[in-house]
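**Q** One-letter residues, chain by chain:
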Amino acid sequence: MPAETQPLFAAEGITKRFGGLVAVSDVSFEISRGEILGLIGPNGAGKSTIFNLISGFYRVTRGRTVFQGQDVSSLPIWKLARIGLARTFQHDSLLKGMTVRDNILVATTQFIRNPAEREKRMSETIDIMGLGEVLDEKASNLPHGHQRILSIAIAFSGRPALLCLDEPLTGFNQTEVLGGLDIIRRLREEFATTVLIVEHNMRAVMSLCDRILVLHHGKLLGSGSPEEVQNDPAIIEAYLGKSE
Amino acid sequence: MNKFILGVAAAALGLSTQFANAEETLKLGLSHALSGPAAYFGTNASWVAQKAIDRINESGGVKVGDKVYKLETVGYDNQYTAAGGATAAQNMILRDNIRIIANSQSTSAVIATQAITERAGALLFTGVWGRSVKGPEHPMTFTNLNSPPEILPPLYKYVHETHPEAKTVALLNPNDASGQEIAKEAVIQWEKLGFTVVSNDFFERSTADFAPIATRILANNPDVVDVGGTPLPNAGHVFGEMATQGWDGIKIASAGSEAEALIKTGGDAAENTYFGLGAVFSGENATDTQRELNEMALVELKQPLNQATIAVWDSIAALKAALEKAGSTDPEAIAEVLPTLVFESSYGPSGFGYADIYGLPNQMLLPVIISQVQDGKVVELERIIPEEMKSKM
Amino acid sequence: MSTFIQLLINTLQIGAIYVLFSLGLTLVFGVMRLINFAHGEFFALTAILIAMQMGWLLPDAPFWLQYVVSFATALGVLMALSVVIYQFGLSRFLGDLSSGFIFSLGLVLMMRGLIGQIFGNYPMTAPPLVEGAIYVLGGAISTQKLLVAVLALIATGGLLYLVFRTKLGMALRAIAEDQEAAMLQGIRYKRLALYGFLIGSSLAAIAGGLIAPLQVVLPTMGGELIMKAFMIVIIGGLGSIPGAIVASFLIAALESFGSYFIDLPVVTIGVFVMVAVLLVIRPQGLLGHVVR
Amino acid sequence: MLFDKLNLLFLATVAASVAYCLAVPGAFFVQVILWATLAATLGAGIRFVMLVGELNIGTSAFYGIGGYTAAYLTTAYGLPFGVALVAAGIAGGLVAAVFGYATMRTSGAYFMLISFAFAEIFRMLVVESDFLGGNNGIIGLFVSVEYEPYFAATVVAILATLISALAVIENSSLGKSFIAIREREEIARSVGINVLAIRVLCLVISSVVIAVAGACSGFITHLVTPNDYTFMIAVFALAYVKLGGEEHPTGPILGAILLTLAAQYLISFGAYQQVFFGTVIAVAMILLPQGITGRLRDLVRLTAKRTARDAG
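Each protein sequence line maps, in turn, to chains A, B, C and D.
Start counting the first sequence at 1; every next residue gets the next number (my numbering).
Start counting the second sequence at 245; every next residue gets the next number (my numbering).
Start counting the third sequence at 638; every next residue gets the next number (my numbering).
Start counting the fourth sequence at 930; every next residue gets the next number (my numbering).
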């Protein structure tokens, strides 16, 4: 399959077991180049586990993960990052004791050794993320919104082909959500970045994503466009059944 | 920032001008371990040194040519390490401008000290053993304590003659410089007498429980167990453990000096142990000087003196005689007259000799004292005066 | 056969003291998440206090009574000292490994120097309470050592009861399991950590008191034991009580058998190498769980 | 601001020390400068590994490896001091690479304890090695007579350069990666940092510097023995770091200078020297948790805030 038509990423029957507990069971899906894919499901559905499996933090118990045609099931995280698969973290997503600039510097250095080129790359990152005014602040002193954006900036510093965002909009107010969504869209438009996003803010997910995967009890319940998902009775059942 | 540099400069100046005006007093250096496990040796030796110079100063000081000097001691903690010894020596030689070190303890500290004193032409007295610290390469170093080459031949001969049936010996020593030194010498001397050395073990100074070592030594069922340079409190536990495990042979602590401690920890098992360095300064063989000093020590230090701690008395006595005879405080001049002297040590008349062993006559000629535990008390059996000393007198 | 029995007896008697001492160290780590380097000084100080008091405090009383009274006063002094050290020092460093470690190193230097200056650096001894020896299948152990081993095992049993069967013990174990959650509880945690620290310190003190009649008593004796205890808690897993027990006897057996068949210094190096290899294969120790 | 001044102060102190060593080569204070330089290097070296968040008690072993390598090469093969220094650095780095590869997978209390064990193993191995002189060590380490007047100045210059090199690395992007690992290892990994390799690299760099300092130490005392390289070396190094403050590279240097000067005046106090050091460490931990430089920085900030408020 030529590079352009094969999927960027594929999960092939991945299963993750912790002791006796099966957290993810035989899940398969693909992520096409340039798409923004949402991953949703009630709490405990296995979203975090899948996220950690994709980004290499966990080893799959069974099945395999394929990135750009290469089996990456057993690659360490840092190697995945270097071949273009990056992620953010839900909690403690920053190097809190360091300045904003140094946060981005550390992330960029791993990809560009030449100082001049590195500077150029960094200012580009800073521009897109709109962090220019807080460069010399310690990350821990930033307001919450800037902290979340900075964590995206860190992950994006290597210009990954696939960017996995773990609840990037948590704690945002309405304006901030719009700003955040705008940044994510620009990443795809300007850098052709493929995005996988886990997010609780349903309205944001529905407006952002091209396609959505729904997870329930560690299994794939269904997938489709936002409209399809919103109208799928099984999915409604899973969600509403829980909340009632 | 400028203030800081000024401060450093001032400190430097202060240090370098500190050693002036030493006209009437002569400073003697002391390099002892004042901290760590060997600290009590250092503390006690420093006390003895003070007593020695007090006595000299009270009786009018030291007459050198037409000048009269009072003595003063300057002591440093050498921490029982080479780095500590070097720091102490540099302080004495470079800061205090001392040219005579009246006593120094700990083999590694002394080796480090020698590197500095021999080059600076300073005089160094020490009680440490190693053959490596003595001899033609160290002409300015003098020793003030009997060491294995002096002690072992008469001690082993005595034991051999008293127990002619004994044929095998097991050796035990601490795993450090002095322990290795004495083990080497002991093997030579025992084999000279026709003994078989069935085991030659070393233990870490940190060993807490001696049961395994006792078991190991007794596996060969030796006639004699010689614990060599093992600190005597530990030796008491070794013998105690051996008695528990059913051994009842000839016990020798050839180079330990704190004999009382062996009785305390060994209890009944310490009975009949022989010592080669276990003088009893309260006993009838002791000199008046030794008895008097020992009584003072029991009051002021709450501990008896031993041969290692009294040694500094003898080097200061030798120094006084040498200063007066040389008519100069120049270390080289003193080093020249020291071997020719007969002076009054705490053991009685003494001098320097043993050139036949070391190549230089820089080892003090002291009686070899053989003692033994009898009925829970240390008793001196013999004070053997070296032939060389007899011929000097 | 009799040699084997003798080596086994040696193992038991050495191991009994190791267990007591390293249990204290591992308990303090579990509860406070710091390594108390001064643990060894608590051990030494008790032994010194006992050796000093015997023959002086109640000169005419029988040995066992002198011993019991000296032991009790020494323990009292140690507990008071521990409270002071906790309140003014260690309680500030709960969970801060590096600061706590360095602070306790400072304590070690201070205490070792002061103990030497106050009590003298002269080796002291406490007289044995009982004389004689007991023979088992061709092996021998002095009655005094047997008594000490039995007392040490009783103390260990007491600790196990405390930790596994009482409310306080459950609370302490809960802290050791989930440090962060416990710390969030604030005042209650600080008080429980104090209890844990006192229990740990008293284990060191009891070990010191028991060893006083068996060993040369010196201000530096604690430093030597703590090295071994470090090895023991690494092998057993930091914070793990069963681990500390197993590892204590493992090390004791290696020392006992090793020093008989091989050289003791070689055995000591061997133990260190073994620990290094173990850490590479199993960083959490034999029975520990990962602590990061 | 403050830290820039501290950097200048460091350079000035080094220049003054080198000048003094050249001007009065045999003076006692030259020895003090040498001790302080060794202490500062130890402090800087142990602090460097603290950048990745680990306490390396094995620092004393690397100090000893340097000391013994240089001592052995100069006495057994007659190599010149300069060559021995380089060899010591290489030896320290190689051993650190192997030791680090095996142990840097662990962290926190475990790494501290195993590095402790390593320090002890090193000492015991040396005691058991006859070719290294066992307990007696290697004696008679001297530089050639014609070079002797320049020896102290050279040592100060070399070690000061190495300390500066550590500071430069710390400020480089590599140094930032160290700190990133300490801050949050998962993030470091997720941006492509090979955490194990970088942690080992940090240990190797520190150990090279420490080993060179160790090589110098033997030529200052003129011998090396196992007891000069016990874990107490690392303890004192930590004391320099904690007293001076660990946030800035000049912290341990300040701590080393202060404690070395204090030690010169305290050496005649015997055992109380030890008590003094212990007290300084314990009290500093309680009263100055950020060390002297940290406290200074807080004071400067406070004053700046006050002035700003008064002005406003």
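Don't take every hint at face value.
[Stated by the list, open to error] Below, a list of computed lysine-lysine pairs in the DSBU-like style, where the Cα atoms sit at most 35 angstroms apart:
#1 A/Lys96 to C/Lys804
#2 B/Lys271 to B/Lys569
#3 D/Lys934 to D/Lys1234
#4 D/Lys934 to A/Lys96
#5 A/Lys219 to D/Lys934
#6 A/Lys138 to C/Lys827
#7 A/Lys96 to D/Lys1234
#8 B/Lys634 to B/Lys436
#9 D/Lys1234 to A/Lys138
#10 B/Lys311 to B/Lys636
#11 D/Lys1234 to A/Lys219
Derived from the structure by calculation, the hints contain no laboratory data.
**Q** Starting from A/Lys138, check that the Cα of C/Lys827 is at most 35 angstroms away, please.
**A** holds, 31 angstroms
**Q** Does D/Lys934 pair with A/Lys96 here, judged by a C-alpha cut-off of 35 angstroms?
**A** holds, 26 angstroms
**Q** Check the hint pairing B/Lys634 with B/Lys436 against an upper bound of 35 angstroms on the C-alpha distance.
**A** holds, 25 angstroms
**Q** For B/Lys271 and B/Lys569, compute the direct alpha-carbon distance and say whether it is at most 35 angstroms.
**A** Measuring from Cα to Cα gives roughly 18 angstroms; hence the hint holds.
**Q** Can the restraint linking A/Lys219 and D/Lys934 be considered satisfied, given a maximum Cα separation of 35 angstroms?
**A** violated, 61 angstroms
**Q** Given the hinted pair D/Lys1234 and A/Lys138, is their Cα-Cα distance within 35 angstroms?
**A** Roughly 18 angstroms separates the two Cα atoms, so the pair holds.
**Q** Would you mind confirming whether the straight-line C-alpha gap from D/Lys934 to D/Lys1234 stays at or under 35 angstroms?
**A** holds, 19 angstroms
**Q** Are the Cα atoms of A/Lys96 and C/Lys804 separated by 35 angstroms or less?
**A** Violated, because 39 angstroms separates the two Cα atoms, which is more than 35 angstroms.
**Q** For the pair we were handed, B/Lys311 and B/Lys636, check the Cα-Cα distance against 35 angstroms.
**A** holds, 29 angstroms
**Q** Does the alpha-carbon distance linking D/Lys1234 and A/Lys219 stay inside the 35 angstroms limit?
**A** violated, 57 angstroms
**Q** For a C-alpha distance cap of 35 angstroms, please report whether A/Lys96 and D/Lys1234 respect it.
**A** holds, 23 angstroms
The structure fails hints 1, 5 and 11 (numbered hints given earlier, in ascending order).
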